[in-house]
Amino acid sequence: MVRPAAVVLAVMLVLGLALSAPALAQTKEDTIVYSLQSDVDSWDPPASVLREAIILGYHAFDHLATRDLKTRKVGPNLATSWRNIDDTTWEVKLRQGVKFHDGTPFTAKDVKATFDRVLDPAKKMTARGNHAKIKSVEVVDDFTARFKTDGPYPLFVERLTAQVMQSEKAMREKGDQWMGENPVGTGPYKLVKWSRKQEHLLVRNDDYWGAKPYYKYLRVRIIPEKATEIAELLSGGVDVIKAVPPDQMDVIDKSGGARTATSPILRTAMLQLDQAARGGPNPFTDRKVRQAANLAVDHDSIIKHVLNGLGDRVATGINPMAFGWDPNLKPYKQDLAAAKKLLADAGYPNGVDIVFNEGPPTVEPAVQQTNDAIVSDMAKVGFRVKRNYIGDNTVLVARVKEGKFGPMFNWSWGYYSVFDADAILYDVFKCGESYSYYCNKELDDLIATGRNSLDAKKRTEIYVKAQKLLYDDAAYLYKWGLRGVWGISNRVEYTAPADEVDRLFLATPRKK
Amino acid sequence: MRRYIARQIVQLVVVIFGISILSFGILHVIGDPVLLLLPQNAGKEEFERYRHLLGLDRPLYMQYWSFASRAVQGDFGQSWYGNAPAFRLVIERMPPTIYLTLAGLLVALLIALPLGTIAALKRHSFVDTLCTMVAVAGQALPIFWLGIMLIIVFAVQLRLLPASGYGTWQHFLMPSFCLGAALAPITMRLVRSGLIEVMSMDYIKTARAKGMLEWRVVVKHAFRNACIPVITVLGLQFGQLLGGAIITETVFAWPGVATLTVDSIRNQDFPVVQCAVVLLALLIVAVNLLVDILVGFIDPRVRAGV
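Protein chains in written order, with the numbering used here: chain A, 1 to 512; chain B, 513 to 818.
Among these hints, one or two may not hold up.
Which stretches of chain A does chain B cover? Using the computed rule of at least three CB atoms under 8 Å from a CB of chain B, they are [what the hints assert, rightly or not]:
no.: 1; stretch: 53-63
no.: 2; stretch: 216-226
no.: 3; stretch: 350-359
no.: 4; stretch: 407-421
Calculated lysine-lysine pairs in the DSS-like style (CA-CA distance at most 30 Å, straight line) [as the list claims (entries may be wrong)]:
no.: 5; chain 1: A; residue 1: Lys-340; chain 2: A; residue 2: Lys-468
no.: 6; chain 1: A; residue 1: Lys-401; chain 2: A; residue 2: Lys-70
no.: 7; chain 1: A; residue 1: Lys-512; chain 2: A; residue 2: Lys-468
no.: 8; chain 1: A; residue 1: Lys-380; chain 2: A; residue 2: Lys-404
no.: 9; chain 1: A; residue 1: Lys-340; chain 2: A; residue 2: Lys-242
no.: 10; chain 1: A; residue 1: Lys-380; chain 2: A; residue 2: Lys-340
no.: 11; chain 1: B; residue 1: Lys-717; chain 2: A; residue 2: Lys-135
no.: 12; chain 1: A; residue 1: Lys-441; chain 2: A; residue 2: Lys-333
no.: 13; chain 1: A; residue 1: Lys-28; chain 2: A; residue 2: Lys-73
no.: 14; chain 1: A; residue 1: Lys-93; chain 2: A; residue 2: Lys-124
no.: 15; chain 1: A; residue 1: Lys-93; chain 2: A; residue 2: Lys-109
no.: 16; chain 1: B; residue 1: Lys-717; chain 2: A; residue 2: Lys-148
no.: 17; chain 1: A; residue 1: Lys-109; chain 2: A; residue 2: Lys-28
no.: 18; chain 1: A; residue 1: Lys-124; chain 2: B; residue 2: Lys-732
no.: 19; chain 1: A; residue 1: Lys-123; chain 2: B; residue 2: Lys-717
no.: 20; chain 1: B; residue 1: Lys-717; chain 2: B; residue 2: Lys-732
no.: 21; chain 1: A; residue 1: Lys-254; chain 2: A; residue 2: Lys-73
no.: 22; chain 1: A; residue 1: Lys-401; chain 2: B; residue 2: Lys-732
no.: 23; chain 1: A; residue 1: Lys-458; chain 2: A; residue 2: Lys-133
no.: 24; chain 1: A; residue 1: Lys-133; chain 2: A; residue 2: Lys-193
no.: 25; chain 1: B; residue 1: Lys-634; chain 2: A; residue 2: Lys-112
no.: 26; chain 1: A; residue 1: Lys-430; chain 2: B; residue 2: Lys-732
no.: 27; chain 1: A; residue 1: Lys-174; chain 2: A; residue 2: Lys-333
no.: 28; chain 1: B; residue 1: Lys-717; chain 2: A; residue 2: Lys-441
no.: 29; chain 1: A; residue 1: Lys-93; chain 2: A; residue 2: Lys-242
no.: 30; chain 1: A; residue 1: Lys-193; chain 2: A; residue 2: Lys-28
no.: 31; chain 1: B; residue 1: Lys-732; chain 2: A; residue 2: Lys-133
no.: 32; chain 1: A; residue 1: Lys-135; chain 2: A; residue 2: Lys-99
no.: 33; chain 1: A; residue 1: Lys-457; chain 2: A; residue 2: Lys-441
no.: 34; chain 1: A; residue 1: Lys-404; chain 2: B; residue 2: Lys-732
Far from chain B, by Cβ distances over 10 Å, these chain A residues were calculated [said to hold, decoys possible]:
no.: 35; residue: Asp-102
no.: 36; residue: Lys-124
no.: 37; residue: Arg-146
no.: 38; residue: Gln-177
no.: 39; residue: Gly-180
no.: 40; residue: Lys-304
For the record, the hints were derived by calculation from the structure and aren't laboratory data. Backbone N, C-alpha and C define an ideal beta-carbon position, used for all residues, glycine too.
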């Protein structure tokens with residue numbers, strides 16, 4: 001008779017042997033390791049909703065235009081120049097001598113095919129909304145393309161940074177499903193192997209047209225648990241991690257093996273107040289009450305003491321990095337006496353009851369703690385805040401869209417990564433938009449004029465006016481611009497990116 | 513025996529049918545997946561179009577029927593997130609989870625068998641108390657905490673093991689210990705009580721009376737009978753072990769099916785959740801069937817009794 005224990009042991013041994021992984025030709029010195037908390041759904045960036053797909057996309061693909069991390073300005077990339085022929089036509093000149101990973105040259109044909117694919121409603125590409133203003137793309141010659149837009153489109157160049165250039169040949173010969181797993185780009189790295197939810201291995205594109213990456217291999221590991229990710233960073237298993245919780249910064253900085261770096265990011269946090277009365281009548285329809293709320297809170301000390309300095313005070317919802325931001329407009333300063341008076345003038349001398357819908361810290365670190373501080377400040381002037389916690393971000397977003405989240409709730413806006421005032425004004429402040437709880441005809445006119453002009457100076461003036469209006473009217477309870485925290489191994493030199501798109505091809509060994 | 517196995521297989525089919533209905537029904541009650549699938553700036557028409565595309569505007573029984581009729585052919589549909597067939601996604605991630613649970617089982621046995629035996633033989637002694645204490649401590653530690661502590665000690669401080677990941681035998685040590693430590697106590701107590709009971713049996717006395725060496729008495733005669741309840745309970749615990757695997761996989765970035773399932777639930781990726789739940793249920797039922805057969809194999813009374 002065969003002993004069961006022996007069978008089990010034998011099976012284990014066979015399994016163990018079967019598992020020994022093939023040796024990879026990489027060494028620690030020529031490999032940089034990056035980690036993400038969750039994996040991408042696809043290697044076809046326009047088909048994905050995930051930021052991770054945008055980040056990976058930057059490594060295998062190139063965009064027509066790209067943002068310089070130091071100046072934060074958009075400059076040429078696969079496009080060498082662009083100009084307006086008229087109000088609704090942009091002409092883009094392309095870089096010559098660029099090759100896709102499969103060896104085919106990059107031409108205007110690929111640009112047209114890329115946009116045709118994204119804009120085709122039948123393809124249901126996620127990125128379609130980003131480019132809805134583009135009507136058509138024409139090939140003028142191999143290295144010139146013309147874009148026709150639906151009305152003047154001031155965000156045209158800004159949006160070029162959000163679209164990877166894909167191969168016309170791959171689209172024609174292979175199709176969408178294949179492209180979801182096989183990126184054929186012109187980018188600095190080529191995908192070697194994707195083990196879903198585990199790891200991506202990329203190898204340097206030695207034919208790259210631009211500055212070649214220092215590290216020959218890029219490994220992107222998927223590590224769902226933050227504590228594990230930090231342990232990997234400290235033990236040398238990973239070189240760069242993002243979204244470090246503020247309370248873990250000390251652990252990393254004191255480890256000797258890694259350090260943290262912070263950068264302001266394009267995301268503004270606020271408490272939206274239901275001025276538009278989407279959820280029915282409420283005290284915040286009165287401007288005095290909204291002003292009182294803004295005057296009640298001492299944001300500066302909250303940023304300093306609760307957020308460890310990881311925030312930049314803003315006067316309205318406009319982020320300092322966005323086009324159109326007005327540096328001369330100063331934020332509300334705490335003034336308890338003035339706030340109390342405003343509340344009394346509004347008819348609430350004995351205070352007022354408010355429901356506050358709170359969300360989880362999915363995109364906003366330490367949101368519970370900062371809410372505690374805000375609520376206690378508001379209580380000082382007579383706001384009796386009843387807190388209602390919603391633990392699931394998906395539910396929260398759905399409720400916000402339905403207009404049922406007033407009279408006061410946590411909100412932050414990431415601008416869809418478009419560095420322009422319009423990218424928040426339209427979605428979060430314009431009357432009738434899903435995420436807007438504010439309604440003001442005067443502001444709507446400014447927004448409409450701003451998005452239909454190509455004149456940068458005129459647009460700046462419009463947005464300065466809009467910010468003054470939003471400040472005076474205290475549309476929402478304005479908080480701060482967020483900062484991201486990265487953990488970086490001491491063996492590499494790496495700059496934290498303001499647009500939250502990690503570019504590992506820019507990493508180099510750290511100078512001793 | 514044959515009829516016994518046949519009956520088990522019929523039960524298996526019923527259980528899986530029930531589970532498929534449950535997983536299908538519950539998911540549809542939770543919420544609207546289209547809300548998650550589309551970007552925040554998508555319009556109403558787009559929502560409606562997606563709902564139609566995914567067949568969510570059809571009556572529930574029709575949705576189930578089309579799901580079930582394809583599922584029996586191994587076609588659970590396309591993942592709504594992964595841009596790949598749900599079946600492939602789940603099958604790809606099955607082996608790491610199975611290896612991990614088997615390794616965890618092995619660790620549990622390696623801890624439980626010696627400790628349980630010693631505790632039984634030295635009953636009510638200091639050693640017995642010590643063994644029980646160790647076991648209870650193992651059960652009391654949350655897997656999550658134990659995992660992080662192991663990582664901090666063995667990866668961050670001592671730099672002996674990789675903190676997380678999958679691929680080499682070193683990667684197996686910490687996760688399987690974590691999982692095994694949670695399962696060891698109950699196994700150990702079973703081994704202990706089983707042995708104590710068996711050791712008082714007449715045939716043990718006979719064996720001793722024949723002048724057999726004590727270790728031979730224990731290993732050859734007592735063990736075989738003592739291990740029957742252990743095997744049965746381990747089979748039942750297999751589901752628990754998979755539950756523990758969810759946490760272990762998350763902590764150690766293990767690319768298994770347990771985390772895939774949890775992620776898919778979070779994303780409301782219906783096809784993957786349904787496929788994973790059905791296949792995992794299949795696995796648990798199959799393991800239990802195997803255990804029943806194994807027990808029958810070891811214990812002739814079970815075979816005869818059927």
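To see whether the hints hold, each was checked on the structure:
1. Residue count for the stretch 53-63 of chain A with a Cβ under 8 Å from a Cβ of chain B: 0. That is fewer than the three needed, and the coverage hint is violated.
2. Check result for the stretch 216-226 of chain A against chain B: holds, 5 residues qualifying (beta carbon to beta carbon below 8 Å, three or more required).
3. Restraint check on the stretch 350-359 of chain A versus chain B: 0 residues with Cβ-Cβ distances below 8 Å, three needed, restraint violated.
4. With 1 residues having a Cβ less than 8 Å from any Cβ of chain B, the stretch 407-421 of chain A misses the three-residue criterion, and the hint is violated.
5. As the CA atoms of A/Lys-340 and A/Lys-468 are separated by approximately 23 Å, the hinted pair is consistent with the 30 Å bound.
6. With a C-alpha separation of about 36 Å, the suggested pairing of A/Lys-401 with A/Lys-70 is violated against the 30 Å cut-off.
7. Between A/Lys-512 and A/Lys-468, the direct Cα distance comes to roughly 49 Å. Violation of the 30 Å bound is thereby established for this hinted pair.
8. Annotation: proposed proximity of A/Lys-380 to A/Lys-404 holds, straight-line Cα distance about 27 Å (limit 30 Å).
9. A C-alpha spacing of about 42 Å is found between A/Lys-340 and A/Lys-242, which places the hinted pair above 30 Å, so the restraint is violated.
10. With a CA separation close to 9 Å, the supplied pair A/Lys-380 and A/Lys-340 stays within the 30 Å bound.
11. Note on B/Lys-717 and A/Lys-135: the hinted pairing is violated, with a Cα-Cα distance of about 93 Å set against a maximum of 30 Å.
12. At most 30 Å may separate the alpha-carbon atoms for a hinted pair to count; A/Lys-441 and A/Lys-333 meet this at roughly 27 Å.
13. Restraint check for A/Lys-28 and A/Lys-73: the C-alpha separation of about 34 Å exceeds 30 Å, so the hint is violated.
14. For the hint linking A/Lys-93 to A/Lys-124, the alpha-carbon distance of about 28 Å falls within 30 Å, and the restraint holds.
15. Our distance criterion of 30 Å between C-alpha atoms is met by A/Lys-93 and A/Lys-109, whose separation comes to about 13 Å.
16. With a C-alpha separation of about 96 Å, the suggested pair B/Lys-717 and A/Lys-148 falls outside the 30 Å cut-off, and the hint is violated.
17. A threshold of 30 Å between alpha carbons decides the hint, and for A/Lys-109 with A/Lys-28 the separation of about 40 Å lies outside it, so the pair is violated.
18. Restraint check for A/Lys-124 and B/Lys-732: the C-alpha separation of about 67 Å exceeds 30 Å, so the hint is violated.
19. Only pairs whose Cα atoms come within 30 Å are accepted, and A/Lys-123 paired with B/Lys-717 is rejected, the gap being roughly 78 Å.
20. Of the pairs offered as hints, the one joining B/Lys-717 and B/Lys-732 holds, with about 14 Å between alpha carbons and a cut-off of 30 Å not exceeded.
21. About 34 Å separates the Cα atoms of A/Lys-254 and A/Lys-73, which puts this hinted pair outside 30 Å; it is violated.
22. Note on A/Lys-401 and B/Lys-732: the hinted pairing is violated, with a Cα-Cα distance of about 70 Å set against a maximum of 30 Å.
23. Of the pairs offered as hints, the one joining A/Lys-458 and A/Lys-133 holds, with about 21 Å between alpha carbons and a cut-off of 30 Å not exceeded.
24. For a cut-off of 30 Å, the pair hint linking A/Lys-133 to A/Lys-193 is broken: about 36 Å separates their Cα positions.
25. Between B/Lys-634 and A/Lys-112, the direct Cα distance comes to roughly 81 Å. Violation of the 30 Å bound is thereby established for this hinted pair.
26. The hinted pair formed by A/Lys-430 and B/Lys-732 fails the criterion: a straight-line CA distance of about 81 Å is larger than 30 Å.
27. With a C-alpha separation of about 59 Å, the suggested pair A/Lys-174 and A/Lys-333 falls outside the 30 Å cut-off, and the hint is violated.
28. Straight-line distance between C-alpha atoms of B/Lys-717 and A/Lys-441 comes to about 97 Å, which puts the hinted pair past the 30 Å bound.
29. Among the hinted pairs, A/Lys-93 with A/Lys-242 is inconsistent with the structure: their alpha-carbon atoms are about 35 Å apart, more than 30 Å.
30. Proposed proximity of A/Lys-193 and A/Lys-28 is supported: the alpha carbons are some 18 Å apart, at most 30 Å.
31. Distance check on the hinted pair: B/Lys-732 and A/Lys-133 sit about 81 Å apart at the alpha-carbon level, beyond 30 Å; violated.
32. The hinted pair formed by A/Lys-135 and A/Lys-99 meets the criterion: a straight-line CA distance of about 27 Å does not exceed 30 Å.
33. For the given pair, A/Lys-457 sits about 23 Å from A/Lys-441 by alpha-carbon distance, which is consistent with the 30 Å threshold.
34. At most 30 Å may separate the alpha-carbon atoms for a hinted pair to count; A/Lys-404 and B/Lys-732 exceed this at roughly 71 Å.
35. Its beta-carbon lying about 20 Å from the closest one in chain B, A/Asp-102 satisfies the requirement of being farther than 10 Å from that chain.
36. Distance check on A/Lys-124: its Cβ comes as close as 8 Å (rounded) to a Cβ of chain B, failing to clear the 10 Å threshold; non-interface status is violated.
37. Distance to chain B confirms A/Arg-146 as a non-interface residue, since its nearest Cβ pair spans about 27 Å, more than 10 Å.
38. Not every beta carbon of chain B lies more than 10 Å from that of A/Gln-177, the smallest distance being close to 7 Å; the non-interface claim is violated.
39. At the 10 Å boundary, the C-beta of A/Gly-180 falls inside the reach of chain B, the nearest C-beta of that chain being 4 Å off.
40. With 10 Å as the threshold on Cβ separation, the claim that A/Lys-304 sits away from chain B holds: the shortest Cβ distance comes to roughly 31 Å.
Hint compliance for this structure: hints 1, 3, 4, 6, 7, 9, 11, 13, 16, 17, 18, 19, 21, 22, 24, 25, 26, 27, 28, 29, 31, 34, 36, 38, 39 are not met, and every other hint is.
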